[in-house]
Each structure stands twice: as structure tokens, then as C-alpha cells.
Amino acid sequence: MLEAHEISCSRGNRDLFRQMSFRVEEGALLRIHGANGSGKTSLLRMIAGLSPVESGRIAWQGRTLPELGDEYTKQLAFVGHANALKAYLSPRENLRAALAVQGVRVSDSALREALEEEGLGRIADVAVQRLSAGQQRRVALVRLALSRSRLLWILDEPFSSLDDSAVKRFSERLSRHTQDGGIVVYTTHQNIPIDAPTSVLELA
Amino acid sequence: MSGGMLQSVTAVARRDLLLALRLRTDLLTIVFFFAIVVSLFPLGVGADPAMLHTIGPGVVWVAALLASMLALSRLFSGDFADGTLEQLVLAGEPLAALAFAKVIAHWLATGLPLVVLSPLLGLEFGLDGRALWVLAASLAIGTPVLSLLGAIGAALTLGVRGGGALTALLVLPLYVPVLIFGAGAVSAASQGMQVGGHLSVLGALLFAAIALAPWAQAAAIRIALE
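First to last, the protein sequences are chains C and R.
Counted from 1, the first sequence has number 145 at position 145 by this note's numbering; the numbering is strictly sequential.
Counted from 1, the second sequence has number 185 at position 185 by this note's numbering; the numbering is strictly sequential.
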């Protein structure tokens with residue numbers, strides 16, 4: 001269970017959100033809505049442990065993030081605004097390296113299958129710099145799919161740049177992850193239905 | 001080091017080396033810079049063998065130091081811009097170990113070629129065989145220290161406009177002891193003196209840098225990502 005208790009965030013003199021609380025159980029989604037600059041990304045980065053919590057606390061399975069340290073990060077997968085792909089490496093090389101860094105062991109056949117499932121089989125060995133923004137995003141989402149052993153997925157605008165079929169496939173992926181007991185916290189400007197228990201957090 | 005950490009460290013180093021191979025022009029720039037700077041000195045100061053013999057160790061070491069700094073700004077900035085640094089922080093392994101892996105790859109790609117090339121360039125200054133070996137040995141011990149210290153500066157200036165110049169300002173004072181003992185070892189060798197003391201100090205600096213610098217780099221990276 002992921003839980004935030006009275007957390008606040010400010011940038012300069014401006015409060016992005018104050019004393020906000022929420023709870024997400026296993027098998028559920030938390031969708032974070034809000035206008036540009038409302039603090040969605042800041043909140044995600046706090047939940048991921050990339051930014052410190054200014055006040056209040058965020059807890060995972062009843063223990064706060066500072067208490068858990070790497071024990072927490074080993075259980076989460078994060079896809080930010082940037083895709084974390086190296087322009088001069090191919091999708092296959094990028095994924096193999098990124099998964100190895102995370103300690104996720106994936107066979108060549110599983111990697112090939114995952115790329116083909118996402119419709120990236122034909123460009124698996126093309127340098128990422130030659131791919132479109134949507135294709136690059138899909139490569140980042142394949143990394144996520146192969147990190148399914150990680151329970152908590154934190155996603156910043158995961159649907160951005162995706163075409164309709166990729167949106168559908170990824171929605172189904174999120175649904176499957178929650179059915180497997182995972183938790184997804186994500187920001188989006190799009191109202192895409194996902195077959196999973198969903199709570200919505202609106203940032204002003 | 002646990003199996004998982006070893007896998008992560010190896011993966012980081014392997015990816016960076018693969019990228020370095022793909023971007024060979026960056027590596028060649030550093031090697032050419034080193035070779036050109038060293039080779040310009042005999043042309044500029046004249047062909048007096050005694051003078052060249054005296055200034056040779058310092059010239060080669062200063063050129064190696066500056067060449068090593070050339071590549072520093074790119075050590076973490078690419079990962080910072082494309083989101084890879086966030087993934088390293090969230091890998092679930094000690095960030096200091098992953099930063100160390102990046103520095104190892106950086107040194108193998110940018111420092112090792114300087115070590116290999118240095119005896120050849122030392123010939124331009126009339127250094128004898130023993131001095132050439134000491135030159136290569138001192139650079140082999142000293143340039144990893146430069147990479148480890150430089151990486152702290154590179155991490156501290158992530159996201160800062162004009163970070164390259166700021167990195168130079170931050171790390172150059174830290175480079176001074178390495179330069180003094182590195183060039184000093186080669187000077188001593190060229191004058192037929194013992195070099196054990198100089199190399200021992202360089203070795204001590206290397207061990208201290210290995211023990212401490214990755215923690216500083218990790219802390220700086222976390223601050224930059226906040």
C-alpha cells in the first residue's frame with residue numbers, strides 16, 4: 001500500500017499543494033490530474049523518492065521512504081518525461097543495458113518478444129535517434145513491461161506521443177499489472193479508460 | 001559487492017563504453033588535443049635539448065590534465081538530460097557504486113589512451129627509457145584520480161549554465177597535488193633519482209579518491225535531481 005499523509009510542496013513563494021493525503025491499495029490505479037504547473041511531476045518525483053518530502057510523509061507498506069531506502073526503489077519502476085534512452089544505441093541495446101542496471105534478467109527471446117509485441121521488432125536494431133517520439137516512448141514502455149516484477153509503477157504522462165493502438169495496448173498493460181497486484185500512479189491530461197479500480201487526485 | 005550490484009555496475013560501465021565507441025570522434029578529439037598541445041611546445045620554445053628535457057614532464061602532465069578535463073562535462077550531463085540518471089538513482093543499488101562504474105568507463109575511454117600515447121610524446125622531449133616508463137606509470141595512477149575528482153565537479157554543476165567552466169574552477173585546485181607528484185615523478189626519473197615516493201603518494205591519492213569520491217558524486221547527483 002502506498003500512502004501519503006499531509007504532504008506539501010512549494011516552488012519559490014508559490015504553494016503547489018498543501019497537506020495533501022491519499023492512499024492506493026494493491027491492484028489499484030491513482031490518476032493525477034491537473035493543469036500545467038500544478039505540481040503533478042513534483043508529486044510523482046516525491047513519491048519516487050527523487051525529491052525530498054517537504055512536510056508530511058509518504059509511506060510504502062507502512063514504512064516511510066527514508067526508512068526503506070533502496071528496499072523501496074527496488075520495488076518501483078519509473079518512467080519520467082524523458083525516456084531514459086541513449087540516442088546512439090538501438091532499442092535492444094538500450095533495454096538490455098537499462099534492465100541489467102535494474103537487476104532485471106531478461107533472455108534475448110523475451111526481449112525480442114516484448115519488442116515485437118509492441119510493434120518494435122523491425123526497428124529493434126535501429127539507433128534510437130532515428131525513431132519518432134512515439135516509437136521512443138514505446139521503447140521506454142517496453143522497459144516498464146519487462147520490469148513487471150516491480151510492484152509500484154510511477155509514470156509521468158505515459159500516453160504522450162502514443163498513437164491509438166499503442167494507447168490501447170498500454171492501457172491493457174496497466175490493467176494487467178493491477179490484476180497482478182501491482183500499483184500504478186500516473187499523471188495524464190487525457191481521459192483514457194483503464195479497466196482497474198481507479199482513484200483520481202485533482203491538483204488545483 | 002553483491003551479485004546484483006556487480007551486475008548493475010558492469011551494465012553501467014558496459015553501456016558507457018559502448019556509447020564511447022559509438023561516439024569515437026569525441027575520443028579522438030581528446031587524444032588529438034593531448035598530442036597537439038604536447039607537440040606544440042618543442043616548436044614554440046625551440047629545440048634546446050636541455051630545456052625540453054626539463055619542461056617535458058610538466059608539459060605532458062599538464063596536457064594530460066587538460067585533455068582529461070575536456071571530456072568531464074559530458075560525464076553525467078547526457079544521462080541528466082535524457083533521464084538515465086533518474087533510472088540510476090532508482091536502480092535499487094548504491095548510487096556511489098554506479099557513479100564509480102561511470103567513472104571507470106570514462107577513464108578507460110578517455111584516460112587510458114593518454115597513458116598509452118604518453119611514452120611516444122615523451123620522446124619529443126628527449127626523455128630516456130626509464131623516464132618514459134615512469135611517465136606512463138604516473139599517468140596510469142594519476143589520471144584515474146583526475147577522473148574521480150573531476151566527476152565530483154561534473155556532478156555538482158549538473159544543470160548549471162556554463163557548467164564546464166565552473167567544473168574547471170572547482171576541480172583544478174584538487175588536481176594540483178596529482179600534477180605536482182605526477183610531473184615530479186617523471187622529473188626525478190629523468191634526473192636518475194628515486195621515484196618510489198612520488199608514485200606512492202599518487203597511489204595513496206588514488207586509494208583515497210576511490211574510497212571517497214563516489215560518495216561525493218552520488219550526493220551531488222541526488223542534489224541535482226531534486
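One thing to keep in mind: the hints can contain errors.
Said to hold, decoys possible - Keeping only pairs whose Cα atoms sit at most 25 Å apart, straight-line, the calculated SDA-like set for lysine to any residue is:
| # | chain 1 | residue 1 | chain 2 | residue 2 |
| --- | --- | --- | --- | --- |
| 1 | C | Lys74 | R | Asp48 |
| 2 | C | Lys74 | R | Arg222 |
| 3 | C | Lys168 | C | Arg14 |
| 4 | C | Lys74 | R | Thr10 |
| 5 | C | Lys74 | R | Leu43 |
| 6 | C | Lys74 | C | Gly121 |
| 7 | C | Lys74 | R | Leu70 |
| 8 | C | Lys74 | R | Ala208 |
| 9 | C | Lys74 | R | Leu40 |
| 10 | C | Lys74 | R | Gly83 |
| 11 | C | Lys74 | C | Leu99 |
| 12 | C | Lys74 | C | Ala196 |
| 13 | C | Lys74 | R | Ala220 |
| 14 | C | Lys74 | R | Ala50 |
| 15 | C | Lys74 | R | Glu226 |
| 16 | C | Lys74 | R | Ala137 |
| 17 | C | Lys74 | R | Val37 |
| 18 | C | Lys168 | C | Ala204 |
| 19 | C | Lys74 | C | Ile192 |
| 20 | C | Lys74 | R | Ala96 |
| 21 | C | Lys74 | R | Met5 |
| 22 | C | Lys74 | R | Leu166 |
| 23 | C | Lys74 | R | Ile180 |
| 24 | C | Lys74 | R | Leu174 |
| 25 | C | Lys74 | R | Arg14 |
| 26 | C | Lys74 | C | Asp180 |
| 27 | C | Lys74 | C | Arg14 |
| 28 | C | Lys74 | R | Ala97 |
| 29 | C | Lys74 | R | Ala204 |
| 30 | C | Lys168 | C | Ser132 |
| 31 | C | Lys74 | C | Arg176 |
| 32 | C | Lys74 | R | Ala35 |
| 33 | C | Lys74 | R | Ala81 |
| 34 | C | Lys74 | R | Ala216 |
| 35 | C | Lys74 | R | Ile223 |
| 36 | C | Lys168 | C | Gly12 |
| 37 | C | Lys74 | R | Val89 |
| 38 | C | Lys74 | R | Gly58 |
| 39 | C | Lys74 | R | Leu6 |
If you are wondering where the hints come from, they were derived from the structure by calculation, not from laboratory data.
- Given the proposed pairing of C/Lys74 with R/Leu166, does the C-alpha separation stay at or below 25 Å? Violated, at about 34 Å.
- Verify the proposed pairing of C/Lys74 with R/Gly58, using a straight-line Cα cut of 25 Å. Since the Cα atoms of C/Lys74 and R/Gly58 sit roughly 48 Å apart, the hinted pair is violated (cutoff 25 Å).
- If you draw a straight line from the CA of C/Lys74 to the CA of R/Ala216, is it 25 Å or shorter? holds (22 Å)
- Task: Mind checking the alpha carbons of C/Lys168 and C/Ala204 for me, to see if they're no more than 25 Å apart?
- Result: Violated. C/Lys168 to C/Ala204 sits at ~28 Å, over the 25 Å cutoff.
- Message: Would the hint linking C/Lys74 and R/Ala35 be met if the CA-CA limit is 25 Å?
- Response: violated (45 Å)
- If you draw a straight line from the CA of C/Lys168 to the CA of C/Arg14, is it 25 Å or shorter? violated (37 Å)
- C/Lys74 paired with R/Ala208 [C-alpha distance capped at 25 Å]: violated (30 Å)
- Task: With a cut-off of 25 Å on the C-alpha distance, tell me whether C/Lys74 and R/Ala204 pass.
- Result: violated (35 Å)
- Hint consistency between C/Lys74 and R/Ala50 [alpha-carbon to alpha-carbon, up to 25 Å]: violated (61 Å)
- Task: With a cut-off of 25 Å on the C-alpha distance, tell me whether C/Lys74 and R/Leu6 pass.
- Result: holds (15 Å)
- Message: Would the hint linking C/Lys74 and R/Ala81 be met if the CA-CA limit is 25 Å?
- Response: holds (23 Å)
- Item | Pairwise hint evaluation, C/Asp180 against C/Lys74, where the allowed Cα distance is 25 Å at most | Given pair C/Lys74, C/Asp180 holds - Cα atoms ~18 Å apart, limit 25 Å.
Violation of the numbered hints given earlier is confined to hints 1, 3, 5, 6, 7, 8, 9, 14, 16, 17, 18, 19, 22, 23, 24, 27, 29, 32, 36, 38; the remaining hints are satisfied by the structure.
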